[in-house]
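Undergrad: Please construct the entire structure, taking both the sequences and the accompanying hints into account.
Letter by letter, the chains look like this.
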Amino acid sequence: MPLPFDWDALTTVPSDEDGQRVISAARNDLEKAATALREKFDVALPFRLLSRDFKNPDEPRVVVLVGEKLRCEFTDGALQNARRKGLGPIDLIASAVVYEQSADVDGKPCVILDGNWRPKRVGRANGPTEAQMRRHRRVARLPMVTGDIERAIKAGKNVMIVGKHGSGRTALAAVVAQVLGGQGYGQIWLDLTDPADGPESVVAELLKLPKQEHYLLVADGLQANIPVVDPLLSCAPLLQMMFGLQILILATTWKSVADKVTGGDPHFDASPIGVSAEKLIKQMLDDESIFGEDRQKIETLAGDDVHIALSAIDIFHAHGRVPDVGELQQEFTRDTDAPAERRALYHLSCLGVLGLVMSEVQAVEMFGRPTITELLDRDLVHRTDEAFTVATQRRAVLVMNFALEHWPEIGSEGQPEDVVWTHLQRSDRLIRATLSQIDNVVSPETLRPASSYLISAWDISEQLARWLEKQTNHGPAWEDNLGSSVFAAMALARLDRPEQWLKIAEHVRARWTYADPELQLPEPVGGNTTDFKDFQQIGREMAEEDLAYGEDGHPSGMPAAQFDPQEAYRTWALGLLLCFEATAPLAYRDAERIRMLLDMTKIAADSLDGYFYPVRVPWVTARVLMGICHADTEPRENRVVARASKWLIDLASGSDPGQVVGRWLSGTGTWNTNEEATAMCVIALVSAQQRYRAGDVIDAALSWLTGRSAEWGREGQEIDLAQVIEAFAFCTESYVPGEQTEMLVNQHLSTLLQRTRNELRKAPVADRPEERLRLPFLAAQLTEIVWRTVQSQFKRLLRDVMGTSDRPQASSNGRSAMPRPRPEPDPAFLPEPDKGLTAGQLRVWQAAASQLRRTLNDLISDRSSPGKAGVALVQTLLAENYRQQRLYNELLGMLDSQATVETLRALDELGQEVCGPSWPTLPYPDHYRDEAPA
Amino acid sequence: MNTDPPQVDPCVDAMALAGDLVKGARQALRMHRVSSEGTDPFSVRVPSDAVEELVLNLSARVENCVEQIVPFAPHSPTANAFSGLIWQHVARRRAVHRFYLVPSSEDNQRRVQLQITEDRRHDLQSEPVEVTGDSAQAPMNTLWLIDDRVVVRQEPGPHGSGPWLVTGRPAEVARARTMIQALRDRVTRRAEDTEDEEPAGPDLTAWLLRSAQMLHHVAQMSCTENRLIGEDDCAWYHGAWQFLRFFNMVSSPTWHTEFYAQQIRTEIHERTARRILISGSADYTTLAFVLRAARPSNDASPVELDVHVVDLCRTPLLACRWYAERLGIKINIHQADITRKSDDGSEGFDPSEPFDLVVADAFLTRFDIAGAGMVLSRWFELLRDGGTVVTTVRLHPRNKYRGQNFDLDDDADHRLSDPVDDFELRLRERAAAWQDMLPIDLETLSHLGRTYAKRMISNDLGDADAVRKTFEDHQFALMEETAAPVRGELFGTEYLRVVARRPDRSSAEAVPD
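If you're matching them up, the sequences are chains A and B in order.
Numbers 1 to 934, taken from my numbering, label the letters of the first sequence in order.
Numbers 1 to 513, taken from my numbering, label the letters of the second sequence in order.
For the record, the hints were derived by calculation from the structure and aren't laboratory data.
Keep in mind the model is a prediction, meaning the values are calculated, not measured.
Incorrect hints may appear among the rest.
Stated by the list, open to error - Below, in silico cross-link-like pairs of lysine-lysine (BS3-like), each with a Cα-Cα straight-line distance of 25 Å or less: (1) A:LYS40 to A:LYS157; (2) B:LYS400 to A:LYS120; (3) A:LYS154 to A:LYS120; (4) B:LYS400 to B:LYS469; (5) A:LYS154 to B:LYS400; (6) B:LYS23 to A:LYS157; (7) A:LYS120 to A:LYS32; (8) A:LYS157 to A:LYS211; (9) A:LYS108 to B:LYS400; (10) B:LYS469 to A:LYS69; (11) A:LYS255 to A:LYS108; (12) A:LYS211 to A:LYS69; (13) A:LYS297 to A:LYS157; (14) A:LYS85 to A:LYS32; (15) A:LYS108 to A:LYS85; (16) A:LYS297 to A:LYS282; (17) B:LYS341 to A:LYS108; (18) A:LYS69 to B:LYS341; (19) A:LYS40 to A:LYS164; (20) A:LYS157 to A:LYS85; (21) A:LYS154 to A:LYS282.
To be verified - The following residues of chain A were derived to be distant from chain B, with all beta-carbon distances above 12 Å: (22) GLU150; (23) ILE226; (24) TRP407; (25) ARG432; (26) SER451.
What the hints assert, rightly or not - If you want the footprint, here are the derived chain B segments under chain A, 3+ residues with CB under 8 Å: (27) 26-34; (28) 478-486.
We put the beta carbon where it would ideally sit given N, CA and C, even for glycine.
TA: See the structure below:
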């Protein structure tokens, strides 16, 4: 039901107008709304104006009485806030009803909203349309189950419909709700894919609904917004207690979420009713009289998705045969060739895979109304509430795969998880909802046994962001400290605060110069920044360290006496400035600055060995390397990167071939620890995509770090802790070292979160090493850790949804979940014992293929990152990578002992093209099964 | 002339060969020392086994004054005896002020006073500061501030073996100064507080520190299937309980100290309740309240009571018996289902006489509405006419969710949106200060807390009106009911504090309006 009124009178009052005029105008609007509703019918939850309250002339109030029980007072500040945020009179009252009560006035509980109240959008409670109901009725075909639900509701019980993706939960709920609606149950329908749907939405609906004896609150898709479940399910008894409204709840969700909701504190009392796609599909096929081979084909095609089954049945009836996957994909995309429509379908299907929707406002903004209308008319996208989606999730997967495979221009839109991540960042509540889902649930059937602390890491990142904002507003120069400025800026960019980023940038860009081609390193303008003192202290600690080493001297061969703090400081600044400029919000990215800094790295690197000054301190080289990798579109092609990486690898490799040392010394005494230095070097090497050259060294380093957890986990070592966790998170994403590593990350992440909370509460102490940049650094690291973990978890989630558990390439490039059919080998062509690849040779080829796959994944992942994806050159390179990935998948399907020379050569060439010098020399068979050997 | 080549002593040869390896080992040791001792010219870390030498060296250099914070752990081995002796000698020529952080209990109070008396004999000025699990003023690790310019503190380590940091860094000195001043202020406030008020409830901090680990281990063996706790056995609940209690993370009678203390005292001393039933108990806390209330005052002998504790699980019963035995008191424990009589099955509870008083803390919400009704019926049957129930009931409709309205800026405690994560992090924060005194490592504790937060079920029995009606429907007369907000476990919430009476049909007992 559309809102009856808006702030007609209040809108005419200027925002700086005196409070009394605001109150009067708002009162008029509220009175108008109340009267209009009263005249229409007896309202479920009526409200009326009581009075204006001018007891405090500085804060006059409008007073509304809701349900004759709850007094709500609104100051002019709250009214202005509501208007600015787009909350109308009904939403304002709804927000107040759910808000915490302040006091009792005249024996009635009272809620006061003043200028400090931060309004949030209230989601609408729109039920299914008639078109949607027609489809729901076709799906919900088990009268016994429908009957059970109806009986439970009529007996006064809440009900939870529990089932997997595509099991027909929503259809069942819709049909039951419609039946009960005809029997006097007022209906409130919430689709929890809208993060704004919650208790306020329920109240807003009750303020406009006709009075009934009972109300049915349908909460569809609890799994989509786990944080709102408790307050939403509890609002029904609360409203009953306050206003005598009899509200029963019909919720739909996955089994894992149902277990969580009914098994924890508080305990939600609901009768669970399970639904099984298998039974529904059987009933559908029986009803449609489809038997025999066709029935089997439909069952196989549909799997666990009743909606796919229905689509297959419709096609079967239309064309007389059961479609295959490809035909189904064709049906769901219908020769869409307009680029805008393809874009829209791709984006919506990526979101649909995770059960996410795109608001109408956003969809129109991104794709244009004509595009959306066209797709809606052709039934390729679906409307839900005030948003659009491709539903169900299985259909979304098919559409997404099809897009990735057949629409090459889609490559520039980014990987599915990147599309999703960008979408999530539009809304704080949405990101919380999705992170909570990832954190709590590993599949529709299984709760996550251990938390990844994603949502809590995000919460604390947001707290840090607010702290950073305040500090930046207070002093954008961060006490003239480059490190603090850069880390703060990186975190603010990641957390979508471009205005604060710019404030810092104005200072940093003015403070450092590097335009002069004669300069070998960036130069501070107007004297050194405060960081320089740290390098002087480093010099002193190096001297202490040398004393400890005695006559043997420092292993690097560089004594403290030779250390030039100025050069080290400026080299480090080079790395930081690269990180800073390369992670700038797109609107403020300055390609020219990045180019100048990259050019500078060519001069600054040691001509012989490729390290950056000083040779004793590898983390400076690591910092510069990280900066280059952020900034360069092709770090693997960068000679500076290659040489610096080799130097780092050699440092941790020992003098004998095959020896690994597995850690890097900080070289600065204990100003930086060896653990911190090692973590930075690992991150740098993985960023530089040196994982294959450096595989053993990284393995050893991670193992060493694991054993040193007592050191980097110590209190006061939070920077080390954050750095190490980031290194592990980085490696987990592209490395999959195992469950134990993930457990370690989770365990120490909770320590980091706890300590960061403590840091936020107390004033920073400026005296410990790196103290000044502690909180900004932690902010940058935490946001990076969340981003990396979310990326890797998203990939797993996608795999769970798509049902491809052990094929990362299938999820990352969106390949179809259906395996490529391998033709049965013709016995005439089976290799004789001395033909084709031997078992050993095949293993070598398979290992090389894995290397190629991972390299491609790395490239695509890196080029899809928000800082780079918008660059034209990167888009071209990305498209090429997708092409290479498709070719790889084709060739992989043919890689076996019988592979032809064509296949092997093609794979070999592709590997050399992608992996460059790190591609191994591969063994070819002596004889091919069908050709003479090369 | 002997032209044979000189004989090489094989031992020397072996030693020469070994020399390179030994040299490598020395280098490893040097590198280790650099990283563990540090290169900060104003700080050094000293391994814990060097503490005696450290004390000797530092004590000789004290010019004016040493201020110390020392956790008081009377039951731990006397590892610091030598250190204590040296400081006593220093106290003869320099000022030594010491604050003992004392896990509160009557026993510890006595012991620390003995220690303080001994200190004063050596001119060492010391004061006790009582600490509880959630209100430690300082980390429970030793700290010395020497001449207001150097801090020496022991870092957390397994079994108290953490290294010692000696530092002159201004920030560390300032932090130590702040902690010491806070303790000093607390001592001053205590001294100025002229009213000699007895604490209302029992002080169990030190008790919990002693028994938490025992209960954790015992629970693994004695906890069995418990339908009130969950599908599996209740070891996750009873095993974690006392640690969580120690840090005030979970609902217990201490959230309603004044209420329980006053009501139970009234029932025992004014209404002569002697036969007392504790219905369901996670550990001995409720029992402690009952036994404390039995004493008219601190010095008086307790009234003799006939206390019975009933629980489905053996673990809390063992805890109650352990506690009572240490106080020299006999209690009766019954592993039984309070809702059943013994003729319903072997688990039933069927005492020979009625009770004067039933005490149960937050017990009814272990049941759904029907189950809570059964409990109330059974309590009614178990009470004599005029008998009383003293209990609390959580009011779920008054849960303070973060939900959609939360705003991270508004909450000074920086609460998180995931309540389970928030619970775990709060536990970690509180436990971090006690690491060296806890018999359990932080990660295990954190895991126990998390499991508790995820699995704990509390049933919604409605708001105050609904709860009142439930009591009245089961023939109880409500003598008192007050709703009181508490911080809660996962959410802020309110509890209804209830005193309900089985009407005395033999006399015309006045029932309040």
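Undergrad: Hints first: check each against the structure and report whether it holds.
TA: Okay, the hints, checked on the actual structure:
Between the alpha carbons of A:LYS40 and A:LYS157 the distance comes to roughly 31 Å, so the proposed pair goes past 25 Å and is violated. For the hint pairing B:LYS400 with A:LYS120, the CA-to-CA distance comes to about 18 Å; that is within 25 Å, so the pair holds. About 34 Å separates the Cα atoms of A:LYS154 and A:LYS120, which puts this hinted pair outside 25 Å; it is violated. At most 25 Å may separate the alpha-carbon atoms for a hinted pair to count; B:LYS400 and B:LYS469 meet this at roughly 23 Å.
Proposed proximity of A:LYS154 and B:LYS400 is contradicted: the alpha carbons are some 30 Å apart, above 25 Å. Restraint check for B:LYS23 and A:LYS157: the C-alpha separation of about 78 Å exceeds 25 Å, so the hint is violated. Restraint check for A:LYS120 and A:LYS32: the C-alpha separation of about 23 Å stays at or below 25 Å, so the hint holds. For the proposed pair A:LYS157 and A:LYS211, the alpha carbon gap of about 21 Å is at most 25 Å, so the pair holds.
Between A:LYS108 and B:LYS400, the direct Cα distance comes to roughly 19 Å. Compliance with the 25 Å bound is thereby established for this hinted pair. Annotation: proposed proximity of B:LYS469 to A:LYS69 holds, straight-line Cα distance about 21 Å (limit 25 Å). Between A:LYS255 and A:LYS108 the alpha-carbon distance is near 41 Å, which puts this suggested pair outside the 25 Å criterion. As the CA atoms of A:LYS211 and A:LYS69 are separated by approximately 16 Å, the hinted pair is consistent with the 25 Å bound.
Under the criterion of a C-alpha separation no larger than 25 Å, the hint pairing A:LYS297 with A:LYS157 is inconsistent with the structure, at around 40 Å. For the proposed pair A:LYS85 and A:LYS32, the alpha carbon gap of about 21 Å is at most 25 Å, so the pair holds. With a CA separation close to 29 Å, the supplied pair A:LYS108 and A:LYS85 exceeds the 25 Å bound. Our distance criterion of 25 Å between C-alpha atoms is met by A:LYS297 and A:LYS282, whose separation comes to about 12 Å.
Restraint check for B:LYS341 and A:LYS108: the C-alpha separation of about 45 Å exceeds 25 Å, so the hint is violated. Distance restraint check for A:LYS69 and B:LYS341: the Cα-Cα separation of roughly 45 Å exceeds the 25 Å cut-off, and the hinted pair is therefore not satisfied. Proximity of A:LYS40 to A:LYS164 is assessed by CA-CA distance (about 42 Å); at most 25 Å being required, the pair is judged violated. Simply put, A:LYS157 and A:LYS85 have alpha-carbon atoms about 37 Å apart, too far for the 25 Å limit, and the pair is violated.
Our distance criterion of 25 Å between C-alpha atoms is broken by A:LYS154 and A:LYS282, whose separation comes to about 29 Å. Once the 12 Å rule is applied to beta carbons, A:GLU150 is consistent with being away from chain B; the minimum gap is 23 Å. Not every CB of chain B is more than 12 Å from the CB of A:ILE226 (nearest about 9 Å), against its label as outside the interface. Residue placement check: A:TRP407 keeps its beta carbon more than 12 Å from all beta carbons of chain B (closest about 38 Å).
With a closest Cβ-Cβ approach of about 6 Å to chain B, A:ARG432 is found to fall inside the 12 Å limit, against its non-interface label. Look at A:SER451: its CB is around 6 Å from the nearest CB on chain B, not clear of 12 Å, so calling it non-interface is violated. For the stretch 26-34 of chain B, the stated coverage by chain A holds: 5 residues have a C-beta nearer than 8 Å to a C-beta of that chain, and at least 3 were required. Counting residues of the stretch 478-486 of chain B whose C-beta sits closer than 8 Å to any C-beta of chain A gives 0, which falls short of three, so the coverage hint is violated.
In this structure, the hints that do not hold are numbers 1, 3, 5, 6, 11, 13, 15, 17, 18, 19, 20, 21, 23, 25, 26 and 28, in rising order.
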